[in-house]
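Protein chains in written order, with numbering that gives the first Met the number 0: chain A, 0 to 408; chain B, 0 to 493.
One should not assume that every hint holds.
[What the hints assert, rightly or not] Covered stretches of chain A, going by a simulated chain B footprint (3 or more residues, C-beta under 8 Å):
no., region
1, 88-100
2, 136-149
3, 252-262
4, 274-282
5, 316-322
6, 400-408
[To be verified] Restricting the straight-line Cα-Cα distance to at most 25 Å, the calculated cross-link-like pairs of lysine to any residue (SDA-like) are:
no., chain 1, residue 1, chain 2, residue 2
7, A, 257, B, 67
8, A, 257, B, 47
9, B, 385, B, 430
Honestly, the hints are just simulated from the structure, not real lab data.
Keep in mind it's a predicted model, so treat the numbers as computed, not measured.
No residue lacks a Cβ here, since even glycine has one placed at the ideal position from N, Cα and C.
Here is what each chain is made of, one letter per residue.
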Amino acid sequence: MAIAIDALAAVPASHAEAATRSSRWHAYTAVIAAACVMTGVYWDISWHMSIGRDTFWTPAHLLIQAGGLLAGSSSGYVALRTTFAGTPEERNAAVTFWGFKAPLGAWTCIWGCGAMLTSAPFDNWWHNAYGLDVRIISPPHALLAIGIFSIVVGALLLTLAQQNRATDRERDRLAWLLAATGGFFLMNFALFLTEYSSREAMHSATFYYVTAATFPLALCTMARAIKLKWAATAAAAFYTAFMLSLMWIIALFPATPKLGPIYQHITHMVTLSFPLLILVPAVFIDLILQRFDPPPRFARNQDHDSEHQGGLGTFALAAMIGPTFVATFALAQWPFATFLVTSPLALGRLFNADNFVYWMSPTYEATTRRFPPPGAWPIGAHLAIAMCLATAVSAIGLLRGRWMTRVRR
Amino acid sequence: MKRVAALLFAAFVSVVAAAHIGSPNVVFDGSAGPYAVRVVVRPPEVVPGLADVIVRTASPDIQRVSIRPVFWRAGVRGSPSGDVLTPVRGQTQVYSGQLWLMAYGSYSVYVTVDGPRGSGTAIVPVSSFATGRLALPAGLGAILVVLGVVLVAGFLTLVHAGAGESLVAPGEMVTSAVRRRASRITFVMAPLIALALFGGAKWWGAEDFDYRRHLFASPKADAEFTLDGSHRTLRLTVRDTAAFHSIYSPVVPDHGKMMHLFLIGRNGAQTMAHLHPVQTDSLVFTTEVPWLPAGRYHLFGDIALENGLGLTVANEIDLPAAPGEVTPSDSDDTWDRTPTITPLVANEPRPLSGGGYTMTWAGGDAPLQARTPLDLRFSVRDSAGKVVALHPYLGMAGHAIVVANDGSVFIHLHPMGTVPMVAQQVFALRDQGDTTSAGRLITTSLASTDMAGMSMSGDVSFPYEFPKAGRYRLWVQVKPADRVLTGVFDVEVP
Chain A
0 MAIAIDALAA
10 VPASHAEAAT
20 RSSRWHAYTA
30 VIAAACVMTG
40 VYWDISWHMS
50 IGRDTFWTPA
60 HLLIQAGGLL
70 AGSSSGYVAL
80 RTTFAGTPEE
90 RNAAVTFWGF
100 KAPLGAWTCI
110 WGCGAMLTSA
120 PFDNWWHNAY
130 GLDVRIISPP
140 HALLAIGIFS
150 IVVGALLLTL
160 AQQNRATDRE
170 RDRLAWLLAA
180 TGGFFLMNFA
190 LFLTEYSSRE
200 AMHSATFYYV
210 TAATFPLALC
220 TMARAIKLKW
230 AATAAAAFYT
240 AFMLSLMWII
250 ALFPATPKLG
260 PIYQHITHMV
270 TLSFPLLILV
280 PAVFIDLILQ
290 RFDPPPRFAR
300 NQDHDSEHQG
310 GLGTFALAAM
320 IGPTFVATFA
330 LAQWPFATFL
340 VTSPLALGRL
350 FNADNFVYWM
360 SPTYEATTRR
370 FPPPGAWPIG
380 AHLAIAMCLA
390 TAVSAIGLLR
400 GRWMTRVRR
Chain B
0 MKRVAALLFA
10 AFVSVVAAAH
20 IGSPNVVFDG
30 SAGPYAVRVV
40 VRPPEVVPGL
50 ADVIVRTASP
60 DIQRVSIRPV
70 FWRAGVRGSP
80 SGDVLTPVRG
90 QTQVYSGQLW
100 LMAYGSYSVY
110 VTVDGPRGSG
120 TAIVPVSSFA
130 TGRLALPAGL
140 GAILVVLGVV
150 LVAGFLTLVH
160 AGAGESLVAP
170 GEMVTSAVRR
180 RASRITFVMA
190 PLIALALFGG
200 AKWWGAEDFD
210 YRRHLFASPK
220 ADAEFTLDGS
230 HRTLRLTVRD
240 TAAFHSIYSP
250 VVPDHGKMMH
260 LFLIGRNGAQ
270 TMAHLHPVQT
280 DSLVFTTEVP
290 WLPAGRYHLF
300 GDIALENGLG
310 LTVANEIDLP
320 AAPGEVTPSD
330 SDDTWDRTPT
340 ITPLVANEPR
350 PLSGGGYTMT
360 WAGGDAPLQA
370 RTPLDLRFSV
380 RDSAGKVVAL
390 HPYLGMAGHA
400 IVVANDGSVF
410 IHLHPMGTVP
420 MVAQQVFALR
430 DQGDTTSAGR
440 LITTSLASTD
450 MAGMSMSGDV
460 SFPYEFPKAG
470 RYRLWVQVKP
480 ADRVLTGVFD
490 VEVP
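In isolation and in its complexed conformation, chain B is listed as follows (with noise of 0.2 Å):
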């Protein structure tokens, strides 16, 4: 009963989301074929559940969007059919829908656009599992209690008269005697009821629990440090921690990389390395730790894996001091350190560390708001002033880093969003035909890791959604020369 009572009052259970921390919705930029789309998709936060599904796009020639759920394991020829958007109201060129997601494990949406230059399809790689369960609401409940007590007092009622009185003939008197036998039956099967209600609430209560017990956990990174000389070696080794395991498939680069590592100073995320592990056995990383000093860190590690999923694996880490000067065991690691406080403030240019260039916060699409998709966009410029061409940095032009200074939430962004490449890389293999009959890829396409026809300009922006109101900070890493170089810019998400 205890637990029912929990159940009754209980606010939302929250966790992790699967592919970030805290940071649930998928936000896609890219196109679906001819025409460019922007697609956000908000998973349910049980399954089977709906997903809202939002289709933006600024081709004004569509005639029609549609999109289908596609299940890894099954593949778009297990998919149902397609359903179609339909046009938000008051706005032009958004289509919303809702699609089910019906089992655990990686999702794609399809979203397939329709138009006079033909037909295109954007694959929305999406984590499917459940991460929250709802309480029961205090008016539904007391409701559901009510009817309750009236289905009850209704029953012992029907048995007294099953008892009694339905047993005297039409027209005859119900004797005293009829009266006090019915009382008799009815005052056994009190008991009896009470002890079904009792199972019933226990049976409640064991759903329940098993519910809870297979609650999307994210993996964790077991660390363990080596200190030699020059070295400050970081071993990871990934494991599930939830009832079931998300892990059951090999781990594939992404943007070249088998893992992207982030070190977050836990003071106020001060603090921040993006490192890159050498995968050494199916679920153990290794890497050099240089730079960071000593102290207690957030460990955010983003994995994706070869059915599409995209992981995060998280853990809090004591780093110990380094014994001498380390040196990085990735060219392509990076790492900041900017103490003070430094707001988001638009159209004010910021200067990066090295080369004379700049980071400007070019102001977001619409205000800054939780829960509402919009553009994070930068400009980088050089010493004259002028928007530069950059480079690219892990085949992407920029990388961004988000994190709630609690930790709550953390989210590696890429112009095209929240998506991790290589997820759509296999999704797109497998409908070829590129796998084996177990599920496994045939790897050897997914060697190229830069993102074709990517713009490379200067004016670089992440579409994202802010999942909840809070101070976070946002590294900005780009490419412009020869270095990686990253913006640093704080805010508070009303």
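If we strip away everything but chain A, and leave its shape as in the complex, we get (with noise of 0.2 Å):
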């Protein structure tokens, strides 16, 4: 680590400013394409849920494809373009992959984009093999996840080296990019876990433990890695306002089931849950981290790449936000889960708690007016367990996020 700071120390400015310059649309390109690439999931799982039958060419897949091959093509195109025919200032920029130059969001994206056109034979053949699946965890739809997960992160990594390099109110405008893209990446998390995140099942151990396995991770790497005050709470209020969004907007057009048996007769798309509530642990692991993991990391002019002087070292941190996170979560969760579950309140557009899937039979929503009785152990013993799970992976994202606060290229 210190030699990549030392080494940064000697920067020639013109060097950074000029790569910066040339590559900030491919930034806000991926970016885009992050943006059309989790809109399109969020309409297709909404597709599934009201239409059901589907070709390749619906909107929500073509804005799935399209978002990939933005990312791709556009990143391709920085690859060739830095290879053959860069500046030698955008060549210093670039990391080096199999013999090409490009920075390393461009090659995160490719990747992504291969992950994703790999999945689609895969998951065709899947549905071949075992039916057309009205689920969203299979193994291909987990490669297509990962290609998706990756084009977001590059998008990240492509605004992180730019926020890197940047300074003043261009360093501002770049950090709330990479909020936003922050709420992408929270929102691949959140519907990737749709299935475990059931209204009813929000006071079982599952839930809690897939919750403290995947959104600390994610929090505690935009906490650190986006140059904000209040970093996990921008890029959680980003997660929120999308799922939000889109839950209100696509709700307002008409849908009809064309696959049965139809036991819920909706007349209207019907979208995801209310979105979990991070937010409350994400204004917690800010908190935590403005008191014990001080400035530099936010301080407007101060110089990026300072070592962190004076806090607490990344396990003790992870040791604190791990428990915070699933207890302020939990106490947020909890209740509100009770309020989705058993208040007629909840019913209707704004809470969207009945947001019923045409196959959903009437046995089985009578299941979601209700909590399933509790398991053996004491739901404390649960929340124990998850935030050991907490700790362990707020660690790695504090890792992760010290590692993208250092990424030039």
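Hints in hand, dock the two standalone chains.
Right, dumping it as structure tokens:
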């Protein structure tokens, strides 16, 4: 680490600025691609919940594919141009990949596009071999999710590299763009965990295990990587805003099922449930980092590459963040789940607690109106285990965030 | 990994169809309101999956044919809107399309025909179960392996770049220390990726195992014999054999019988008995077994459920010798023993066992060919060579039993095709609301066994589609007078 930092101290400003200017459009393009992909994924899930029958050419599929291709092709163009026609500054701001030159984020986008493309024939065969799946978690979908995840990470890296080289107002602007991309990053986790996040499951151990094993990682990464005082909060706020916007807007469109059996006679698109309240633990993560992992992370005009001085170590921070995440998340989500499951006020457009998919039978629907009986262990024991999980992934997230702050190319 | 390797190279595993053995395609001859139609439904081998539907009609004035899948539990109200079929290019009055069968269980394809004489709907019951899984084609497997290797190599390169070069400021040299550190981190990541791939393979294997566990398997009939003086009594206890239960609804009578039981001799299918056991408990059936010599037999029993599902229960049994003269327990029981090969020859009258009647294979409407819908046409004539009028036998002008010589295919046909008549009736009753909310049918209206409006001419035909090439034996049972007579034909299907 010291080597990189020492090396940076001697960076000629012209190199960094020239490379920044010439590749900024690519960072914005990658973020737009990530937005297309995540919106498409949400729309596609909603499509399967409402209409059911789809083809390669549904608008949701096209949006996902357009996002993937936009990220992959723009990154491919950057790689070819940098390799064969790049200025010395551009080449010096790139990493080498099998002899070609491009920023790390570009390669991550290309890799993600490749994973998405690979998942397509795999998923098609999977449907032919095992039947059209009406679920999110399957091996080909996991590969697709990894590809999508990589495109979001690629967009993050491209923007990060810009942020990490920028100063003043430009750095703030890029930090906010990063926070928006962080919202997609969180959304990717949330969508993949949809099947474990049903309202009636929110008092179960599994729900707290899966959320503890994922969201602290993403939030800690964002909190350290984005040069904002309230970085995790901003990313979580973007996540919440994206999810709510899509939940409210897509539900306005008329739709009827094209597959049967139909048990819910819907007339409009069914959208995903109310977003998880990760905004609450995100605030606490930011507070912990502000107190115990002090600037220069978010000091506006300070050299962003200085070593952290006077803060706790990563593992001590993780030991604070993990339990705090689980405790504050449970304190917020538990009563909110009670509201969603039991209160008639939760029904309707605002809280969307009656977003029943067309194939949900009346008997199954009844199970969503109550929480399943608790398991043999008290929930406190499960939350304690979840805290350990959250601590472990928080440490990974903090390390990953620190790495991200150091990405220069 | 072994499981994945097996997946890569396994052939398509195909098991039995629900309503019959080895013959999953549904053929229906009948009417949709005023329009005569023949409907062929080829169910998918995986569920959810796409069924192919072909509708042929003799009516030239048809304007539109549409189909919709109706799942028993959800009824017509719970089915999606219909899809309009498209005319088949190069053929007249033939329409085709596809529909999704999304759930396991009892479906009907509702075929609605619109024309100047109004609109009419035919109900074609279809069983929906996964019966196979597709192997990964070698070419696709190779492509995926290559792409997978590229992705893994690319990922490791990303890790190396991310841990090394990407951290060096633009314009700075990448030192050997940075490279060494990047290599160390990549070296640590490689086994983690291998572990992830191994986990993915185990996951795939678990998914595959779970899928195969839920493939349809014919319910089994456990056989038990009681020998006593002039009784050779067979007691059958039906049970599900698959991980899921296909029998979740009571048995209802089809053609007035709770079960149509067929015992087919294992030795080249020379012997066949068509018996009608009595239901003594919900899934227990009892019958006397007269006539047949001792030996090993295929046992096939057709039952219909109150939810419209037609099932064939199967087993192999060792029939003990009869202790004496056994009297049939049902007056409609019949049997045949024809040890010689009797090839299907068009227009060659074949004497039936009694009354001077003959049965003639009238030739198909097309050359016999596997996987092609065709008519198996027969003509029953008296001693003067005149086509006779038939009496209803179990409510039908005729019954045909088709069995592949190796026992891999069994089906019980009627002039209306492969569908159980009672399945159509129960779907129609359900549409009228003649069921309770739990799906229990009000069965009193099933008393009638006669097919109203069916032709009882001695020219009788059975629409069918042989599922595969091979050697088959056909028994055709008709009732030209007071006795049921059986014609036997052996056929080689190319």
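Hints and how they fare:
{"no.": "1", "hint": "88-100", "result": "holds (count 7)"}
{"no.": "2", "hint": "136-149", "result": "holds (count 3)"}
{"no.": "3", "hint": "252-262", "result": "holds (count 8)"}
{"no.": "4", "hint": "274-282", "result": "violated (count 0)"}
{"no.": "5", "hint": "316-322", "result": "violated (count 0)"}
{"no.": "6", "hint": "400-408", "result": "holds (count 5)"}
{"no.": "7", "hint": "257(A) to 67(B)", "result": "10 Å, holds"}
{"no.": "8", "hint": "257(A) to 47(B)", "result": "14 Å, holds"}
{"no.": "9", "hint": "385(B) to 430(B)", "result": "43 Å, violated"}
Hints 4, 5, 9 from the list above are not met by this structure, while the remaining hints are.
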